[in-house]
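If you're matching them up, the sequences are chains A and B in order. For the first sequence, full-length UniProt numbering gives the first residue as 1, with consecutive numbering after it. For the second sequence, full-length UniProt numbering gives the first residue as 1, with consecutive numbering after it.
Please keep in mind that the hints were generated in silico from the structure rather than gathered at the bench. Since the model is a prediction, treat every value here as computed from it, not as a measurement. Where a beta carbon is used, it is the ideal one built from N, C-alpha and C, also for glycine. Please note that the accuracy of each hint is not assured.
To be verified - In silico lysine to any residue, SDA-like type, Cα no more than 20 Å apart, as pairs:
no., chain 1, residue 1, chain 2, residue 2
1, A, Lys131, A, Gly151
2, B, Lys522, B, Asn370
3, A, Lys67, B, Gly163
4, A, Lys25, B, Leu423
5, B, Lys151, A, Arg12
6, A, Lys63, B, Thr325
7, B, Lys301, B, His342
8, A, Lys67, B, Pro328
9, A, Lys63, B, Pro135
10, A, Lys63, A, Asn29
11, B, Lys413, B, Lys376
12, B, Lys326, A, Asp54
13, B, Lys321, A, Tyr103
14, B, Lys321, A, Glu53
15, A, Lys67, B, Ile189
16, A, Lys131, A, Tyr103
17, A, Lys25, B, Asp315
18, A, Lys67, B, Pro192
19, B, Lys321, A, Ala58
20, B, Lys301, A, Gly151
21, B, Lys151, A, Asp70
Claimed, not checked - Here chain A is said to cover these stretches of chain B; the calculated rule only asks that three of the stretch's residues, wherever they fall, bring their Cβ under 8 Å from a Cβ of chain A:
no., segment
22, 132–141
23, 185–197
24, 314–327
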Amino acid sequence: MRRIITMTVNNRPGVLNRITGLFTKRHYNIESITVGHTETEGVSRMTFVVNVEDERTAEQITKQLNKQIDVLKVNDITDQAIVARELALIKVSVTPALRQEIYTLIEPFRASIVDVSRDSLVVQVTGEPEKVEALIDLLKPYGIKEVARTGTTAFTRGSQKTAASYKTAFII
Amino acid sequence: MANMKVEEKRAQKTKMSGALMLIEALKAENVEVIFGYPGGAVLPIYDKLYSSGVFHVLTRHEQGAIHAAEGYARISGKPGVVIATSGPGATNIVTGLTDAMIDSLPLVVFTGQVASNVIGSDAFQEADVVGITMPITKHNYQVRDIQELPKIIKEAFHIATTGRPGPVLIDIPKDMTTMEGEFDYEQEIHLPGYQPTIHPNHLQIRKLVEAVSQAKKPVILAGAGVLHANASKELQQYAEQQHIPVIHTLLGLGGFPADHPLFLGMAGMHGTYTANMALYECDLLINIGARFDDRVTGNLKYFAPNATVAHIDIDPAEIGKNVPTKIPIVSDAKEALKELIHQEGKPADTTAWLAQLNEWKKQFPLYYKNDVQTIKPQKLIEMIYEFTNGEAIITTDVGQHQMWAAQYYKFNKPHRWVTSGGLGTMGFGLPAAIGAQLADKNATVISIVGDGGFQMTLQELSVIRELNLPIKVIIVNNQSLGMVRQWQEIFYEKRYSHSLIPNQPDFVKLAEAYNMKGFRAKTEAEACEILKQAFSLDEPVLLDFHVTADENVYPMVAPGKGLHEMVGVKPCDESLQ
Ligand SMILES: Cc1ncc(C[n+]2csc(CCOP(=O)(O)OP(=O)(O)O)c2C)c(N)n1
Ligand SMILES: [Mg+2]
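Just chain A, with the same shape it has in the complex:
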């Protein structure tokens, strides 16, 4: 099953290495990782999409991540109301004659053309991973030269900061 895990970490040298090392050591399968700064200086935010076999493994992941000293907060937000977005750049082979067709096709996706050359163009799309997937599928028949995807970044909806932090609210 697919889990989306977000966490805040101390922005220290090697911290990404620590986390990915942990995933490798325990045989957790990473689908994507995104990392970036947060509103707080020295604190970075990571979003992982991982594939796990069962609930127990999902629980183990958050627990093991929490044991890292540089990890401040871990949340498995899969089952919460969340905003999850990904950006993709898709380079499509296309002759000038077919350009208009592509424009029409990507419109409902609110995607845009960010680069045009004689025999190709680059489409930029943001949205939930499923939407990105769908657009890539639609563009396939034209011939996709290259795809670059950022992976999912996410947090919970609403005004409150992400709920239940393991580190401060460990009740068991």
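We have chain A; now place chain B with the ligands onto it with these hints.
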């Protein structure tokens, strides 16, 4: 008074080199001994050590240093401190770090590193020690700013010794040891990402009390967590109050008195029949500070199939990791036991259960067939037990002798047992004894080692001699890598591939080379004689016991089997022939 404090503070804020900061920090942490080995990258540190008054033990290999630190930590409960140089010095401690990590021993380890400006250039004796040791330390650091050094050291000691203990490594580039900075060791530790839970949740405690009152066949499985928390007294009080029998893991031995009527022995692969059957039959399993290692549980499919499982552990990640747990209690073992003892609740009615267990104990005790013409290794351990009134500190190496020591030396007191559990590190026993003896100078320390593993770290005899530590080194010499030989006998049709070593060196002569007394015995009478001699000497002694070479460790739960599927339980068991 007040004046002095201000003065002290000012003194602490004076500028000094990184090397001196390290020494000052060790003093501030009341470190009484460090184990290490010098080299280029740590020369400035060793230079400051020279006149520091800090007691440093020069082992003959870095692996010896770190195992000695582990032995010291296991007995004293205090962090073991290690220094190694960059590159090969640092890679030589990798085994020890892994060992300490899996067995939860507090260590603070300093490694030298090449100078900051050449890091990453594959410089002489450069190794990515932070990268290498990331998965085998509780935490690690590389010093990049001299101003951070005091804070890092302070954090390292804090992290190593609190929560679930473990090794913390600090990698120090050489220029950081000579560069000067302000030494402020008064600062508060601020680690928002590290807040171990010490006190149990009340609701979960009540659930356990409720479960105990309903249980007919409860059992406690107590691991080293009880020892780390110094909770032996509380464990005994709780077990007696609730009439619950107690089983130990290998590392837990001594947490509960072995001669107590409620004690069932050790669990697992070479555990007692009664302990393993109790785990199989119980209806309530209370795990206190053990991590359900596979050597303890056997095949998980058959593990405690009818039990409600409660698990008290300071590390939340251990709870539910291997065994589904109904009552999770994240807590220090002592705090949880104190809570439990003070709860109102009906103790379990275990009369019938205890009668059943006692019957098993009587019917299926640990068993071996003695032969006075030779030395049976089990008999040897029993003799050592008798000679020392069961009060010695025992360190072991890994293999058959380790299991026999665990089975036949009855530990009635905590903190007397030093062995490599989770990693099963051959070469551990001898250096660990050095640390153990330094942690408890008045104790009788016995290092029980195999003829194989002894040769992995025997160079540390030098240290034992040099410091005149009255350690008794006992070689259980079966002229083989016994435990490997046993598996080959049972699972590989007696094809003894590279496990028989009939031409071991003359260990008595070896002892002489190290300028210590050495004795050899080949029969039970001789064994008795040389033990008597050795224990009358207040100096290091090496004893080489030629034991029966084809003895196997039983009972045994074969890999993949459930705990109830032990073989070699009864005398003359068919499967033993
Ligand atoms: C460093 C290391 N290498 C290999 C092993 C695998 N191993 C486990 S027990 C054993 C045999 C040990 O022989 P010895 O020290 O003579 O002890 P015995 O079993 O004979 O008592 C071996 C090779 C190990 N545990 N550690
Ligand atoms: Mg041997």
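Structure-based check of each hint:
1. Among the hinted pairs, lysine 131 of chain A with glycine 151 of chain A is consistent with the structure: their alpha-carbon atoms are about 13 Å apart, no more than 20 Å.
2. Restraint check: the Cα-Cα separation between lysine 522 of chain B and asparagine 370 of chain B comes to about 14 Å, which is no more than 20 Å; the hinted pair holds.
3. With a C-alpha separation of about 10 Å, the suggested pairing of lysine 67 of chain A with glycine 163 of chain B holds against the 20 Å cut-off.
4. At most 20 Å may separate the alpha-carbon atoms for a hinted pair to count; lysine 25 of chain A and leucine 423 of chain B meet this at roughly 16 Å.
5. In summary, the hint linking lysine 151 of chain B to arginine 12 of chain A is supported, as the alpha carbons are separated by about 15 Å, within the 20 Å threshold.
6. The straight-line distance between the Cα atoms of lysine 63 of chain A and threonine 325 of chain B is roughly 15 Å, inside the 20 Å bound, and the hint therefore holds.
7. Restraint check: the Cα-Cα separation between lysine 301 of chain B and histidine 342 of chain B comes to about 35 Å, which exceeds 20 Å; the hinted pair is violated.
8. The hinted pair formed by lysine 67 of chain A and proline 328 of chain B meets the criterion: a straight-line CA distance of about 17 Å does not exceed 20 Å.
9. Between lysine 63 of chain A and proline 135 of chain B the CA atoms are separated by roughly 15 Å; this keeps the pair inside 20 Å, and the hint holds.
10. Taken as a hint, the lysine 63 of chain A and asparagine 29 of chain A pair is honoured in the structure, with Cα atoms around 16 Å apart against an allowance of 20 Å.
11. Proximity of lysine 413 of chain B to lysine 376 of chain B is assessed by CA-CA distance (about 26 Å); at most 20 Å being required, the pair is judged violated.
12. Distance check on the hinted pair: lysine 326 of chain B and aspartate 54 of chain A sit about 17 Å apart at the alpha-carbon level, within 20 Å; holds.
13. Among the hinted pairs, lysine 321 of chain B with tyrosine 103 of chain A is inconsistent with the structure: their alpha-carbon atoms are about 52 Å apart, more than 20 Å.
14. The hinted pair formed by lysine 321 of chain B and glutamate 53 of chain A meets the criterion: a straight-line CA distance of about 14 Å does not exceed 20 Å.
15. About 18 Å separates the Cα atoms of lysine 67 of chain A and isoleucine 189 of chain B, which keeps this hinted pair within 20 Å; it holds.
16. A threshold of 20 Å between alpha carbons decides the hint, and for lysine 131 of chain A with tyrosine 103 of chain A the separation of about 17 Å falls inside it, so the pair holds.
17. A C-alpha spacing of about 18 Å is found between lysine 25 of chain A and aspartate 315 of chain B, which places the hinted pair at or below 20 Å, so the restraint holds.
18. For a cut-off of 20 Å, the pair hint linking lysine 67 of chain A to proline 192 of chain B stands: about 12 Å separates their Cα positions.
19. Simply put, lysine 321 of chain B and alanine 58 of chain A have alpha-carbon atoms about 11 Å apart, close enough for the 20 Å limit, and the pair holds.
20. Between lysine 301 of chain B and glycine 151 of chain A, the direct Cα distance comes to roughly 38 Å. Violation of the 20 Å bound is thereby established for this hinted pair.
21. A C-alpha spacing of about 15 Å is found between lysine 151 of chain B and aspartate 70 of chain A, which places the hinted pair at or below 20 Å, so the restraint holds.
22. Counting residues of the segment 132–141 of chain B whose beta carbon lies closer than 8 Å to any beta carbon of chain A gives 4, which meets the minimum of three for the stated coverage.
23. Beta-carbon proximity to chain A at under 8 Å applies to 6 residues in the segment 185–197 of chain B; the threshold of 3 is reached and the given coverage holds.
24. Three residues within the 8 Å Cβ limit are the bar, and the segment 314–327 of chain B against chain A gives 7, so the coverage statement holds.
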